[in-house]
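In the order they appear, the protein sequences are chains D and L. Under my numbering, the first residue of the first sequence is numbered 1, with each subsequent residue one higher. Under my numbering, the first residue of the second sequence is numbered 253, with each subsequent residue one higher.
It is worth saying that the hints were derived from the structure and are not from the lab. Do not rely on the hints blindly, as some may be mistaken.
Sample of chain D residues lacking proximity to chain L, with all beta carbon distances greater than 12 Å (derived) [to be verified]:
1. 93
2. 120
3. 199
4. 227
5. 240
Simulated coverage check for chain D against chain L, where a stretch passes if three residues somewhere in it have a Cβ under 8 Å from a Cβ of chain L [to be verified]:
6. 31-37
7. 55-63
8. 108-119
C-beta atoms are modelled at their ideal positions from N, C-alpha and C, and glycine is treated no differently.
As a plain string of letters, each chain reads:
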Amino acid sequence: MNQPPALSVERVTHAYGARVALDDVSFSVAPGSFTVLLGLNGAGKSKLFSVITHLYAPKTGVVRIFGHDVARNSGAALSRLGVVFQSRTLDPDLSVEQNLAYHGALHGMTGAERRPRQKALLERVGLADRARDKARHLSGGQSRRIEIARALLHAPKLILLDEPTAGLDIKARADILSIVRDLARDDGVGVLWTTHLVDEIRGQDHVVMLHKGRRIADASCDQLVAEAGAGAIGEAFTKLTGARASAEEIEA
Amino acid sequence: MSAADVDPRPFGPRQLLICLNGVVWRESLRFLHQRERFVSALVRPLVWLFIFAAGFRQTLGVSIIPPYDTYVLYEVYITPGLMAMIQLFNGMQSSLSMVYDREMGSMRMLLVSPAPRWFLLTAKLVAGVAVSILQVYAYLAIAYFWEIEPPSWWNYLTVLPALALAGLMLGALGMLLSSLIKQLENFAGVMNFVIFPMFFASSALYPLWKVREGSPWLALACELNPFTHAVELIRFAFYGQIEPTSLAVVAGCTVVFLAGAIWAYDPARGILMRRGG
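Make the full structure from the sequences, and use the hints.
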């Protein structure tokens with residue numbers, strides 16, 4: 001039997017009042033793939049994120065996680081999903097361990113289920129020695145790594161990251177990108193990576209471009225570059241969108 | 253079906269309990285970490301008790317009205333009102349923290365849990381009530397040394413269900429308001445338009461018969477105010493009695509407010525859409 005995609009977004013449309021935030025958007029994320037959702041600020045990436053995470057329901061269209069409809073069968077869908085939000089969501093007054101314990105409880109994990117995974121994940125993100133520190137004392141990059149460990153705590157096979165490298169320095173960005181790429185390659189976790197930074201994309205990545213609420217491209221990075229007759233993905237993006245983004249964003 | 257389709261952790265009663273436990277634990281932990289919040293939650297009613305009540309003691313005579321079977325000091329009269337005030341502030345503060353959580357994204361953390369959304373909101377509510385009950389008992393411990401105590405030790409226990417119910421009602425009201433408040437700054441508005449009218453137009457500070465002498469309209473407003481019933485429910489329970497009207501009003505309002513909040517936070521309603529990010 002065919003395995004359903006880790007994530008499938010099917011004809012999702014969303015509008016508030018007259019403003020169409022998402023216009024008939026469809027794409028899917030294969031298990032174990034690294035999919036980049038590329039778009040400028042305001043392209044609708046975060047709106048789409050909110051719809052996928054069931055924060056609110058789309059006006060029309062369906063989102064499925066491993067075949068489970070997020071709106072109708074949200075429990076089954078959300079238990080398979082890990083999320084790293086754009087805003088920092090660690091509780092600064094609690095320790096790293098307490099933050100993870102809270103997340104584990106929200107996913108119905110007992111302490112005995114959580115602890116071994118927590119230990120392994122903290123080691124994986126290179127912060128095993130910070131378990132007892134308050135989240136307040138972590139740097140931006142460290143917080144992000146903890147948030148990634150937290151998103152993986154309940155062993156989801158799909159992880160969503162909303163501009164996870166925003167505001168981080170070059171080293172922290174590279175660390176986080178490599179941790180997440182390993183997840184897709186070694187653990188078969190489907191990744192949806194939202195960004196407006198083209199230098200985070202590699203040739204074989206699956207790229208979905210979103211512009212003004214519409215999906216304008218959906219193919220591998222290499223394919224998109226070749227089809228657009230461009231030298232690099234940044235140029236392809238500029239050609240496809242027509243509107244040129246600020247140079248620093250696209251050519252960063 | 254494929255391996256990925258085996259439910260990783262089906263959400264049964266045990267998982268729901270773990271989830272509820274986690275939410276209450278986090279809320280209590282946060283409360284204990286925010287020492288200023290604890291102190292101010294305690295100082296507020298104590299200021300009323302030590303200063304306001306002491307000053308008013310001579311001005312206001314309280315006649316013998318149920319549940320009291322003797323003349324009581326004004327401090328004794330207003331203690332249930334202050335207990336309810338603690339819960340009122342706590343409920344509104346939780347609503348503030350929900351607005352804050354929403355802006356900071358930790359509300360999103362809560363809502364991506366696989367547990368049903370009504371359950372998550374109720375868990376959040378129960379957590380807030382647990383914290384408010386902690387505050388009330390801390391206040392009662394200090395009031396005890398001021399010789400404000402119920403007729404029997406046993407009554408410290410009989411008041412507990414009343415506190416739980418009153419806390420649920422006020423917390424649910426706060427939650428409903430949090431879905432309406434657009435931004436953090438609007439808390440001042442909540443103070444002016446919710447906390448003050450609810451507190452002053454109630455039986456917290458003065459018995460209703462006394463209010464009626466002055467203004468029948470105000471007395472009517474007080475009687476319609478659910479906060480009055482929260483106060484009376486606590487007052488009677490503190491004396492080991494049940495006030496049926498208050499019980500019915502508080503229970504009814506809890507259901508209505510909570511249903512309203514769950515409705516407002518429904519994904520299809522999209523109240524959270526506003527800032528969506």
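Violations among the numbered hints: Result: hints 1, 6 break, sorted rising.
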